[in-house]
Amino acid sequence: MVIKLTNVDKIYVNGEIKTNALKAVDLTIESGEFIVVLGPSGSGKSTLLNVLSGLDVPTRGTIEVHDVTISNMSQKELTKFRRDHLGFIFQQYNLLSTLTIKENIALGAHIAKDSFDIDELLEKVGITDQKDKFPHQLSGGQQQRVSIARALIKKPLILFCDEPTGALDESTGKDILKLLNTLNSSYKTTVVLITHNPGIASMADRIIKMNSGSIVDIIVNKDKVQASDIAWS
Amino acid sequence: MLFLNAIRSLKKRSFTILLLGLIIILSGFIFVSVHYSINAIKAPSETYFEQYNQEHFNVIMSQILSEEEQDLTESVLSEKLRSLNEVYGQDIDLFNDIITQRTERFMVTYDATHVEARIAKDIYYNRFGAQHLMRILKNSETINQSFIYRGELPKDVHEIALVINYAEANDISIGDTLTLQGHDYKVSGFVFFPDYSLAVLGNEFIINNSTRTLGLLSDAGFERLQGDITVDLAGIFIRDVNRSRYFDAIQEDFILNIALTENTMRSGAIYEELRGGEAMGLLMSLIIASMAIFVVGLMISRILSEQRGAIGILKALGYRNHEIIVPYLMFIVLIALPGLAIGYGLGFLAAEPLKNIYIGIYLLPNSAIEHSLPIFIISIVAPLLTMLVLGYFVIYRLLKVHPIALMHPKVDAPKQWINSPKLKRNTPLLKRLKHAYILRNKPRFMVYITGVLTATILILMSLSMVNVFDRMIDGYQNSIDVNYMGYCDSLGGCPSETQTVDKVIELPHVLLNQTPVTAIGLDPNNHFHPLFEKDENITYRLNQQGIIITKTIALEHKISVGDMVEIGYGTDKTSLKVVGIQEEYGAPKFYVNREALSLVVTRNSTEYYNVVYANEALTGTYIQEVDVQDIVEQAKVLGQLGNVMSYVLIAVSMSLGVIVLMLITSMSLEQYFFDISLFKVIGYTESEIRSIFINTYRLYTVLVYLFAIPITQVSLGLITHYLATQFGMIFPLQLRVIDGIVGLVIALGIYYLAIPIANKKLNRLSLQQAIQIYQST
Chain V
1 MVIKLTNVDK IYVNGEIKTN ALKAVDLTIE SGEFIVVLGP SGSGKSTLLN VLSGLDVPTR
61 GTIEVHDVTI SNMSQKELTK FRRDHLGFIF QQYNLLSTLT IKENIALGAH IAKDSFDIDE
121 LLEKVGITDQ KDKFPHQLSG GQQQRVSIAR ALIKKPLILF CDEPTGALDE STGKDILKLL
181 NTLNSSYKTT VVLITHNPGI ASMADRIIKM NSGSIVDIIV NKDKVQASDI AWS
Chain B
1 MLFLNAIRSL KKRSFTILLL GLIIILSGFI FVSVHYSINA IKAPSETYFE QYNQEHFNVI
61 MSQILSEEEQ DLTESVLSEK LRSLNEVYGQ DIDLFNDIIT QRTERFMVTY DATHVEARIA
121 KDIYYNRFGA QHLMRILKNS ETINQSFIYR GELPKDVHEI ALVINYAEAN DISIGDTLTL
181 QGHDYKVSGF VFFPDYSLAV LGNEFIINNS TRTLGLLSDA GFERLQGDIT VDLAGIFIRD
241 VNRSRYFDAI QEDFILNIAL TENTMRSGAI YEELRGGEAM GLLMSLIIAS MAIFVVGLMI
301 SRILSEQRGA IGILKALGYR NHEIIVPYLM FIVLIALPGL AIGYGLGFLA AEPLKNIYIG
361 IYLLPNSAIE HSLPIFIISI VAPLLTMLVL GYFVIYRLLK VHPIALMHPK VDAPKQWINS
421 PKLKRNTPLL KRLKHAYILR NKPRFMVYIT GVLTATILIL MSLSMVNVFD RMIDGYQNSI
481 DVNYMGYCDS LGGCPSETQT VDKVIELPHV LLNQTPVTAI GLDPNNHFHP LFEKDENITY
541 RLNQQGIIIT KTIALEHKIS VGDMVEIGYG TDKTSLKVVG IQEEYGAPKF YVNREALSLV
601 VTRNSTEYYN VVYANEALTG TYIQEVDVQD IVEQAKVLGQ LGNVMSYVLI AVSMSLGVIV
661 LMLITSMSLE QYFFDISLFK VIGYTESEIR SIFINTYRLY TVLVYLFAIP ITQVSLGLIT
721 HYLATQFGMI FPLQLRVIDG IVGLVIALGI YYLAIPIANK KLNRLSLQQA IQIYQST
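Protein chains in written order, with the working numbering: chain V, 1 to 233; chain B, 1 to 777.
Among the hints, a few may not be true.
Here are the simulated lysine-lysine pairs, DSS-like style, with alpha carbons at most 27 Å apart [unchecked claim]:
1) K434(B) / K76(V)
2) K224(V) / K4(V)
3) K131(V) / K422(B)
4) K76(V) / K133(V)
5) K133(V) / K431(B)
6) K11(B) / K80(V)
7) K12(B) / K155(V)
8) K431(B) / K113(V)
9) K131(V) / K431(B)
10) K431(B) / K18(V)
11) K76(V) / K424(B)
12) K133(V) / K424(B)
13) K155(V) / K11(B)
14) K133(V) / K422(B)
15) K80(V) / K434(B)
16) K18(V) / K12(B)
17) K422(B) / K76(V)
18) K434(B) / K133(V)
19) K124(V) / K424(B)
20) K761(B) / K76(V)
Derived from the structure by calculation, the hints contain no laboratory data.
Work the whole structure out from these sequences, hints included.
Given below as structure tokens:
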């Protein structure tokens with residue numbers, strides 16, 4: 001078991017308005033799993049990712065990652081935890097425009113205890129030829145590959161992906177998903193992917209469906225399909 | 001809608017806008033306070049100088065009679081007298097004849113001028129236990145006429161008119177009585193003298209209007225006072241000539257020096273003060289206003305780039321450019337107008353106290369401070385218009401872009417310098433990134449450099465001025481153990497003293513390389529006045545052929561030990577070797593062997609002296625008795641005032657630096673919000689992020705400070721040179737190693753005072769908010 005959530009609530013307070021973004025969530029994720037969190041906008045999937053990854057703290061409940069309780073950690077401890085164990089990929093690639101591709105990836109390596117060889121990783125994500133270019137010279141898909149490499153360089157236990165294909169067309173999106181799948185298989189990295197695209201769920205080990213801040217269903221996917229075969233929507 | 005957007009942007013940037021407001025207020029405050037205070041002095045003073053016929057130049061005359069004049073005294077008095085003072089003591093009519101002859105000769109030689117004698121007596125007296133020095137003047141006829149500010153001219157021997165600054169400082173009113181040399185004088189009025197806008201009296205550069213002042217007596221009252229006279233000529237030009245070159249060749253033997261009013265400290269310093277004050281106020285205000293204008297431009301540019309999508313949609317919907325521009329211009333007005341108005345208001349309020357500081361030092365009339373339309377326009381309308389015009393161009397440039405391009409901006413190519421192969425080879429990635437974040441936004445970097453450079457230069461200049469007055473008197477104070485000086489009656493000679501005294505000759509207006517200076521005759525084995533060159537006692541060098549000059553003369557005339565100088569006394573001229581340089585600033589002086597000087601004065605005796613120096617109170621009767629320590633104390637009081645002003649300037653400059661650095665870091669964090677969030681998400685610690693986005697400012701602040709040092713050094717050199725050539729005053733404005741260290745500490749202080757808020761802002765930057773923004777973009 002790599003992640004365990006027990007009775008997790010997250011309430012946002014904005015003036016007099018309280019939003020219960022997560023309601024009594026219980027969830028267990030095993031090491032090396034490829035998890036897809038599915039749900040409509042406002043269902044709480046991004047909030048779930050934020051509390052899972054230590055970007056945000058729950059209002060109530062406990063979160064354990066690799067037998068370490070992170071839900072009561074200080075910001076400083078959470079930073080160290082993210083630094084040592086987690087990787088992030090976002091819909092927007094958030095690359096630094098003044099740095100080359102290789103340097104953007106090196107930003108992740110810079111703080112890693114143990115990191116992959118950059119050139120090897122560039123090869124793996126298929127952008128070796130682009131390593132000396134700048135982000136603006138790359139397509140969206142290529143930029144997302146850089147973002148993936150930057151997340152992976154520090155050998156994270158878990159890779160959190162928030163709508164990683166949201167800004168990409170079908171073909172490029174599938175390429176990215178294929179890459180994530182490959183990395184999940186070859187490095188045994190646990191992947192937690194959030195999407196509103198139900199097609200993507202078909203490539204997951206398990207599908208977690210959310211609505212109104214609650215997990216409404218957890219489906220074990222026995223018929224995993226390849227990224228190239230998913231129905232894009 | 002856009003206006004609401006503008007208001008929301010304003011709210012989001014409340015801290016930055018507060019700092020910007022402070023800069024705008026400071027700029028307006030400096031300009032308005034300086035100009036209103038100076039204008040309240042300038043206009044009435046100019047009228048007063050004109051109406052009361054201020055001299056255009058001043059002639060320092062030899063107080064020694066020429067051979068011809070000496071012969072005249074012999075024919076009239078059957079005794080050959082040598083000085084004007086002696087003649088004045090024995091026969092005033094003869095004295096007046098000699099002066100008339102001199103003035104007529106002057107006006108024949110320099111026929112573009114009209115001159116008039118200016119006769120004065122300096123008297124020391126005690127008032128409530130404190131030693132006061134008053135220069136008593138006679139009412140002049142046409143030039144430098146006395147301006148009775150309140151009350152009336154002294155009509156008889158028992159009346160006196162005083163300078164109002166002195167009267168107010170000593171709580172003296174019209175009708176009060178003042179006792180001088182045992183005689184009571186009733187104060188008939190308050191007076192200003194056009195040739196004394198600054199009460200610089202004697203050799204010491206002491207300006208203290210509570211103990212050193214001027215007074216006006218009736219002619220009879222003047223004659224009744226005991227004391228040596230000094231006679232100069234006050235002159236005006238009666239036709240157009242090239243004033244600065246007119247007196248290049250001095251053609252009369254009784255003329256020691258001719259100085260134009262603007263080159264005379266006591267009368268001309270005010271012109272420089274007003275001109276310099278106005279220029280400095282304008283310059284400082286312009287520098288700060290430019291920074292504010294740049295910052296407004298940067299802020300508008302930033303807000304527009306954030307809202308370019310919305311603007312693109314509006315353009316696509318068919319909004320006209322002016323409909324989009326107007327709300328942003330309103331935004332500029334909202335940011336700038338309150339600051340400008342507050343700056344104007346505060347400046348107006350501060351003008352009165354600032355004026356009082358001026359008139360506490362200068363002896364000048366003044367008027368009430370009133371609003372002036374030109375100053376209002378320059379301080380509020382002009383900067384506001386500049387900001388609006390700049391803002392308009394920034395917005396207009398953006399609006400020229402096609403709506404689709406606005407909605408989908410292309411990412412600019414990165415600046416290549418940071419990725420130059422050489423830099424990449426030699427500099428680690430994060431180090432390059434740190435510098436890139438500071439240098440990327442050039443206008444912002446320029447504002448930062450301008451602000452910190454201005455602040456550090458002002459700080460270094462202020463540090464160089466700390467203790468400058470002490471340094472001026474230190475050499476003198478360290479080399480003198482004298483507590484009392486007794487000035488002997490030039491006719492009656494010096495009384496005998498039972499205690500140990502030094503016999504000294506003090507002669508003003510002796511020429512050294514054609515410049516009038518004071519000669520001090522000392523014995524090489526004197527008891528109370530050793531001379532020092534770099535801590536070495538050099539009194540023994542006062543032999544018959546050598547002189548010891550003060551640092552003032554050495555610097556002003558570029559004279560070194562071993563050089564020969566020409567000394568002129570009356571018609572006598574001789575060349576002497578400089579055998580030492582006394583560590584002493586202030587009025588120019590040289591020290592010479594007393595016996596040798598005695599021979600020059602008397603022609604046949606080595607025993608002459610006109611002053612005695614003693615450690616204990618004198619027992620004999622002297623024309624003047626001077627308490628030396630009191631003079632030193634007064635100089636120290638002036639020094640303390642100077643130091644307070646320096647510390648205030650340091651504090652203001654430091655505040656400017658802190659505000660600018662706070663503003664720049666705050667804007668920088670706003671611009672790099674996404675990058676900072678990214679670093680946070682990846683797992684960079686707060687200290688690592690601070691090191692990337694903030695700490696580099698420490699290095700740049702130190703670099704800017706180091707750059708400020710040579711600029712300050714050069715500026716100080718220019719100021720010293722200017723004061724030396726303009727007024728013959730040497731101010732030991734020096735940047736010592738300790739000043740450099742203190743300056744560095746203050747520069748770092750600016751950084752450490754400015755940075756905590758940026759750190760706090762950086763730490764507070766919400767990860768959650770950043771993630772939400774990522775997700776929504």
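Cross-check of the supplied hints:
1. K434(B) / K76(V): holds (22 Å)
2. K224(V) / K4(V): Given pair K224(V), K4(V) holds - Cα atoms ~24 Å apart, limit 27 Å.
3. K131(V) / K422(B): holds (18 Å)
4. K76(V) / K133(V): violated (34 Å)
5. K133(V) / K431(B): holds (20 Å)
6. K11(B) / K80(V): The hint is violated at about 34 Å.
7. K12(B) / K155(V): violated (38 Å)
8. K431(B) / K113(V): holds (20 Å)
9. K131(V) / K431(B): Satisfied, since the Cα-Cα distance of roughly 20 Å is no more than 27 Å.
10. K431(B) / K18(V): With a Cα-Cα distance of about 44 Å, the restraint between K431(B) and K18(V) is violated, given a limit of 27 Å.
11. K76(V) / K424(B): Status violated; Cα separation ~32 Å.
12. K133(V) / K424(B): holds (14 Å)
13. K155(V) / K11(B): Measuring from Cα to Cα gives roughly 42 Å; hence the hint is violated.
14. K133(V) / K422(B): Distance ~17 Å between K133(V) and K422(B) Cα, so the pair holds.
15. K80(V) / K434(B): holds (22 Å)
16. K18(V) / K12(B): holds (23 Å)
17. K422(B) / K76(V): With a Cα-Cα distance of about 37 Å, the restraint between K422(B) and K76(V) is violated, given a limit of 27 Å.
18. K434(B) / K133(V): OK: K434(B) and K133(V) at ~20 Å, within 27 Å.
19. K124(V) / K424(B): The hint holds at about 25 Å.
20. K761(B) / K76(V): holds (16 Å)
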